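Visitor: Since the structure of chain A is already known, use the hints to place chains B, C, D and E on it.
Below are the chains, spelled out letter by letter.
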Amino acid sequence: MSGVEPMFPSPSSGAHVNAVHDPFHGDLLEVSMGPHHPSTHGVFRMMVTLDGETIVKLKPVFGYLHRNHEKLGENTSYLGSMPYTDRLDYLNSMTNNWAYALAVEKLAGQPVPERAEYLRVILAELTRLLNHVCLAGFLLQDTGASGTPLMYAFREREKILDLFESLSGSRMMCNYQRFGGCRVDASPEWLAGAQTITNNFGRFLDEYEELITGNEIMMARTQGVGALTPELAISAGITGPMLRATGVNYDLRKVDAYGVYSRFDFRVPLGDHGDTYDRYMIRILEMRESIKILQQALPALPAGPIMDPKAKIRGFRPKAGEAYGRIEGPKGEIGFYLISDGSPNPYRYRVRPPSLVNLTVLEDMCLGQTIADAVIILGSVDIVLGEVDR
Amino acid sequence: MLGSGLLQGLKVTAKNLVGSFHDPERLTTLEYPEQKAKLPENYRNFPFLVSENATDPMGTLRCVGCQICEKECPPQCIYIEKSKDKKPDATGKMQVYPVVFDIDTSVCMSCQICVEVCPFEAIKMDQVFEIATKDRFTALLLDRNQLAKPNSYYHEIHPTEAAEVDARLLAERKAAEEKAKAAATPKPAVAPTPSPTATAPKPPEAPAAGGTPAP
Amino acid sequence: MIGATSFSPLLLAAGAGADSFLERLPLVIRDTVAGVFPAPLQWLVGSTLSIVAIVAIFGGIFAGLTLVERKMLGRIQNRPGPNRTGPMGLLQPIADGIKALTKEDIVPRSADHLLHYLAPVALLAFSILTFAVIPFGRNLVPLELDAAVLYFFAAGAASELAIFMAGWASRNKFSLLAAMRALAQLISYELPLLLSFVPIIMLAGTLSMTGIIDAQAGWQLGFIPRWYIFTPWGFAAFVIFLIAALAESNRSPFDLPEAESELIAGHLTEYSGFKYALFFMAEYFGMIALSGMAITLFLGGWRAPLPFLEFIPSYAWFGAKLLVLLLFFIWIRGTFPRLRIDQLTRLAWKFLVPLALVNLGTAAFWSLTSGWSGALQLVRWALTIAMVIGPFVLLGRGLSGTHRPRTYRYA
Amino acid sequence: MMETLEQVRDRLLARFPGGEVTLIANPGPAAQHSLALGLNQAAAMALFLRDDPDLRLDYCSNVTGVDWPEKEIVESTKVTVPDPAGGPAKVVEQKTKRIQPGYLEVVYHLYSMALKHGPVIVRLRTGNRHDQVTVPSFTPVWRSCEFQEREVFDLFGVKFSDHPDLRRILMWDEFTAHPMRKDYVEPDDYEWEPTPHGTVLEKAKAHYPATAVAAPTAAVGAAHHTPAAAAVTTAAPVVRSDTGLETRATPAPKEGTP
Amino acid sequence: MTDAARPEPTEPAPGAHLVTEAERDELRRHGILLTKLEEIVNLGRSKSVWPLQFGLACCAIEMIAASMARFDIARFGSEVFRPSPRQADLLIVSGTVTKKMAPQVVRLWNQMPEPKYCIAMGACAISGGPFKQGYNVLKGIDRFIPVDVYIPGCPPRPEALLHGLLQLQEQIRTQKSSGPNVARHLRPGDRCDYAVPEFGERDLEPPANPAVWQAPSIVRNEKA
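As they're listed, the protein sequences go chains A, B, C, D and E.
Each residue of the first sequence is one higher than the last, beginning at 1 in the numbering used here.
Each residue of the second sequence is one higher than the last, beginning at 1001 in the numbering used here.
Each residue of the third sequence is one higher than the last, beginning at 2001 in the numbering used here.
Each residue of the fourth sequence is one higher than the last, beginning at 3001 in the numbering used here.
Each residue of the fifth sequence is one higher than the last, beginning at 4001 in the numbering used here.
Since the hints were derived computationally from the structure, they do not count as laboratory data.
Certain hints may be false.
Stated by the list, open to error - Residues from chain D shown here face chain A by an in silico Cβ test under 7 angstroms; the list is partial: (1) Ala3025; (2) Pro3029; (3) Leu3047; (4) Met3113.
Since this is a predicted model, take the numbers as computed values, not measurements.
A virtual CB, placed ideally from N, CA and C, is assigned to each residue, including glycine.
One chain only, chain A, in its complex shape (with noise of 0.2 angstroms):
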C-alpha cells in the first residue's frame, strides 16, 4: 500500500515512554493528571511526561466515561434514544436533542412546522450562551480564581435554567425535541421571561469582561498559550469557537443555513491568532450574537402548530436509508449518523463529538508549554466526557 506521507504527523505514538536518564536534564518525570484531577472537567486523563515543568509529551487517555451511547441506541426504539442525547454533552441538552432530531427528521423526511423551526433557534441560541458563560468560569477556575467568575457564570445560569425548566420540565435533561416539532408550547409569559433575561444578558456580560477581559494576569496568562494554527485546525478536523478561534471561516449556521437561521443577520467572530486568549475572547463575542439573534427570533415568533400533525411518537419506522445530520453546537459540528433497516430500532446510531475531535491537537498545542497551560489549554478546549466518551 502507498503510504502517504502525512502532512500534519501527529507528535508522539505510544502510551508510555522510556525514561530519559540525562547526567544534565535529570529525569524524564511521568506524571498521570488522571481521571480524578481538579481541572479535567470530569474522568479525562493525560499522561504527562515533564521535562521540569515544561512538557515533551502529552498522552490523552479517554474512555472512563464509556457508557455505551451507542450500543444502547440500537437497542432502543427512535424515541426512546431522544432523553439519552440531553447526557451526551450534559450541559447543552437542547442543541445536542435538536441535532438528533434534524438526523431523524432527514433519515424519514419529515417536515416541520414554522413555529417549531423558531421555538428550536430560540433555545439553541440560549443554549449558547449557557455553555459559553459556564466555559469562561471554568476557564477563570483552572487560572486559579477562586470561583468568583464562576459564580457569576452560574449566577446567569440559573437564570436560563430556570427558563428551560418552566418550558420542558428539568434543568438539565430537557428531552423537549421530537421528530417534526416540539413538544410543549411556549406559553407567552415564558416568553417574556426569555425577553428579559435576554435584555440583562448584555450588562452582565458587560460586567464580565470588566471583571477578565481586561485584567493583566489573565492576558499575561493565555495569550500566545496554545496557539492553534488554521492549516493544522482543518486538517485535525476542529470545528466551533476553537476553529474560528484560528481565523478559519466556517460556521455551520451560515454554512449549511440549517433551520431558519438564514432569517437572521449576524456576524461570525474571527480571531488571528488561535490561541486561549482568542479562544475565550471569540465565546465573549459569540454570545453577543447570539443575544442579537435573540432579539430578532423572539418577536418574531409566528403562531401555529409546534407539532407536525402527521408526525408519530410511537411506532415510528422510518424507510430503510442512512443520514448524516450536523448542526452548530456550541462545542463545534455535533452530527448523528444514522442508518435505518426499517424497523422501529436504528441499525446504527452514530454520534459525532465535536469534543473528541477537537481534542485531536490537545497535543500539539500543549508541547513546549508548562503544565500549568496544560490545564487552561484543555480548559480553553471545552470539552465535556459524556460527548467525547460517548
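Guide: Same frame as chain A, but now just chains B, C, D and E:
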C-alpha cells in the same frame, strides 16, 4: 498603565460585595431547608399512577395494564403484571388492572416518555424530589401502593394540564355513553360500527395492537 | 492642634492619652501575675504570660479569620457563606477544629516519616517565632530588640525550608513539583520584601520596632500623621511590600505551591487531619505576622490616625489596621487568577527589585531635601512623585510586553 | 456548486485506472449516496479528493464503523421446470437460500471548508469479519481521523494499516472483545435487579438457586413476578464458539415496539 | 423526614442511667447544657463535612450548581471541596461509574482518612441508572464501597443533594461510638482497604466485592 485591569477587577468584586447587603440581585441564595423554590408547573421527577378518587386509590386506578409504557420506557424501569380477572373502570367497562406495577426509581431517568405514550392518562410525573434514603432496595423500588395518587393531587401539582386531561376524558365518556345509548336503542337498525375504543385516542394513530381489548 | 484640646475634658473620665488605665492594663496584669512568684522567676513568668497571650489571641484571630474569609468570599460571590453552625455561623471554626482534631492521620508508607512529621511543626514554629518582636500596643511589645526587623525576617525566611520539607517528604509527584515551585517563589520574593523597607531603616535610623514607630509620631498640617505611607516613596515601598507579603504567605495571585487546579493540593497533598490544620494555621499566622510588620513599618504601628482619637487604646488601633489589611488580602483572593511560575519570578526580578532599588534613591533624595520649605516643598513633592511614577511606567511597559486586549474581525 | 457523485466517480476511475469505485445508492429520503473505494488505492484516492482543486475536501467530519454480519437472503426465482411426464412446463417458485458474506465497513463523511460544499461519503469494506479486517488508514490524509479510527478499531476490530498510534481508545487495554459488533455478548453481571425483564431476568435468576427464600423485607408487599411475556430481547441459545467468545446464533434486535 | 431516615429508637447508651432525658431537659431549661463527648465530636464532624472535589458526569454539574450562589452548600459548612482525598471526608459519587473508572474510585475511597462517608448521587451511581444495560457500566457503586445515603434522580436537583447532605449530617450526629450499631469506622472488623478490582478480559475481576455487596435474593412467586 500596568495595574488598570486589576483595579477594574477589584472594583467589580467590591460592587458585588457591597451590593450583596442591599441589592437582591447580588444575593441570589435560596436558603434551602427554610425557603423552598416554587417549582414550575411543568417540573417532573418520578412518575405516579393516577387514581380516580382518593377514597379507594387501589380500586380506581386508571391504568389498565396495557404495558405500552413498559415497552417504550428507554431504561426499562417499569414492571407490570396484568391481572387475570377484570374489574369495571370509571366508565363502567370491564378492564384488566395491573396486579404488580413496580417503578425502580434508582433506574428511572424521569424522561416522561411513559406519560407521552400512555393512551389512558394513567401515569403522570410527580414533583417530589426529597427522597434521599439510607437503604437502596426497599425504599427506592416503588410498588403499586406507593405509586397510586388521587386525581385531586394531580390537579394540585399540574393544574392546567390536569384540567385539559379531565376535559378530554369527560368528552370521551360522554361520546361513549351516546354511542352506547345509540347502540342500545335502535338495536336491529344499524350494526354497531367498530367505534374507536373508549380509550382517549390522544395520539391520532390507533393504540398498539394487543394492548387494549376490543370493546 | 485644633481638635485635641476641645475633646479631652469630655473624655477625662476614661483617662485619655498615653497613661490611661486601658493603656497600662497589660502592664498591670503582668505585674500582678508576676508579683505572686519569687523575684528570680518573675522574668520567666512574664515571658510565658506573653507567649500564652500571643498564642491564645492569635489562635482566636486565626479561627475567626477562617470564618471571616469564608463569609467575605461568599459575599463577594453573592452568597451568605456558613451561617447554620451556631448563630450566624460563628461556631463554624470550632466545628472545623473538632473535625480536624478527630481525623485519622495518614502517613504514606513510602514517605520519609520523620520529615513528614516535622514539616508542619517546623512551619508553625517559624511563623510563631516572628510574633516575638511585633509591637501590638504602646506597652505590648513582647521583646524589645535593637535589631528587631532583622530578627523578624530571619525567622520568617526559614518557612521555605519547612514547605520544601513537606513537599519532599511526601514522595508524591505533585508535591515534589509544588516544593520546587515554593522554593523558586519564596526565595525570589525575599529580596523585594527586604529591599522595600530599607529606606525606612535609612530614614528612621534604627532597626528596632519602637524606634521606627517613634519616628512616625506627630502630625503634619494638624491632622495628617507622619506615617511613612503618606510619603510618595513610602507608598511605593508599601505597595512592593504588600505584593511581596502576598507571595511570601502563598496567598492568591501567588498561591502556586498549593495550586488547586494544577497540582491537586500542592505540598499539602499527603497531609490529612490535624497536620493539615497545622499547615492551615501556619499559613494564616504568616499572613498575620507580615501584615503586622507592614502596619509597624508603614502605618505607624499602634499610633492613632487623628490627634483627637488618641483616647482609644493603642492595641485597638493595631487590631483595626490588622483587620483592614487582612480584609484586603481576602479581597485580592476573591478576584485575581494565578500567575505562572516564570511570570511570577519575572515579576519579582525584573519589576519589583529594580523598583525597590530606585525607591532607595528617591528616599535618599527625600531625606536630603527635608530642609526645603515653602515653594520648594511643592518642588520636592513633585520631584519625588516623578521619581516614583517614572520607573513604574517604564518597567511596566517592559513587563506587560505584548499583552493588550485585542480587536476582532467579523466574517 | 459541487459536482454530482457520478462525476466524482468517473474522475476517480479516470485518474486511477486500476482502482474500483462503486456508487452505492441511499434508498432513504435523505438521498445521501456514497462511494465504495477499493482497498488497494484508497489512500491515494483520498489524497486526490483532498487536493483536487475543484473538490478540496479538506475536512473529514465523521468516521463510523458499521458491522454487517452474515445474512441469510432467501430469493424466490421463477424457474420453468419441464414436466417429466411430457406435460406443459410448469413455472414453479424456487427459494434459494444464499448466505451473504458479512463484512465490516468504515464510512467517512468528507466536507470542504474552503469551498463550503456538502458531504462526499466514502465507504471502505473489509474482506470478511474474522481475519481479513485490515483497511488503509486515512489519518495521514486527514488528521481528524486519528481518534475516530482508533475508536472503530476498539469497538469493531477493524485494523488500520499505517495508523500512527493504533491502540484501544475507549475500553481498557486488557479487554479482548469488540463490543459494538452485533454478535457481542455482554458480561453477565446482573445479580439482582428489582425490575428485570426478559433475558436480564433469566440471567439474574441463574445466579440464585431455585430455593431462594428470603423475601425482601418491609415495603414491597406484593410478591415478585414471574418472567413477563414482554420479552425484550428474544433470548437465542448461547453457542460457545472455539475462540472462547460466546457468540449467539442470530440475535434478533431488541424490539422497541411490536 | 421519611420514616426510613428517622434513626431507629436508640436503646439506652451505656452512661444513660446516670442522667435521664427528663433531667437533661430540665437542666437545659435552666441554661445548663449537659452532653457527652461523643455528641460534641459528632456535632463538630457533622457541621464540617468536606467533600472531595470529584465529579464523574452530569450529576457533577448539579453538585457544582449546589455549591454555587443560588443553593450555596457553604451554609452547611461543606463548600471546601478539597482536591486531595487525604483532606476530604465525604465522597460524593456523582455520575456514572464505568468499569474502567471503578478501580480508581475504590482507590480514592481507600486513600481517604477514616471517618469517611459516601453519598451515591444520581441513578447511575446507585444502580447504573439509564445506562444499566451498557457493557462498560458498573451497576451501582455499592458493589465495591459502602454507601451511606442514596439520592435518586437523574440528575437530582441541587436541593435534593442538600437534602441528602442533611440526611448524612443527621446520621453523623446520631452515630454511636460504642454498643451494637457502632459507627462503621469503629467496627473492629472494618478493614480500611477495600479490594481494588482488576481489569479482566471481559469484565472486572471480581465483578463485586463480596465483603461489601450482598444482593438480597430474588423471590419469585410462581403462582401469579
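Visitor: Against each hint, give a clear statement of whether it holds in the structure.
Guide: Checked hints:
{"no.": "1", "hint": "Ala3025", "in the structure": "violated (9 angstroms)"}
{"no.": "2", "hint": "Pro3029", "in the structure": "holds (3 angstroms)"}
{"no.": "3", "hint": "Leu3047", "in the structure": "holds (6 angstroms)"}
{"no.": "4", "hint": "Met3113", "in the structure": "holds (5 angstroms)"}
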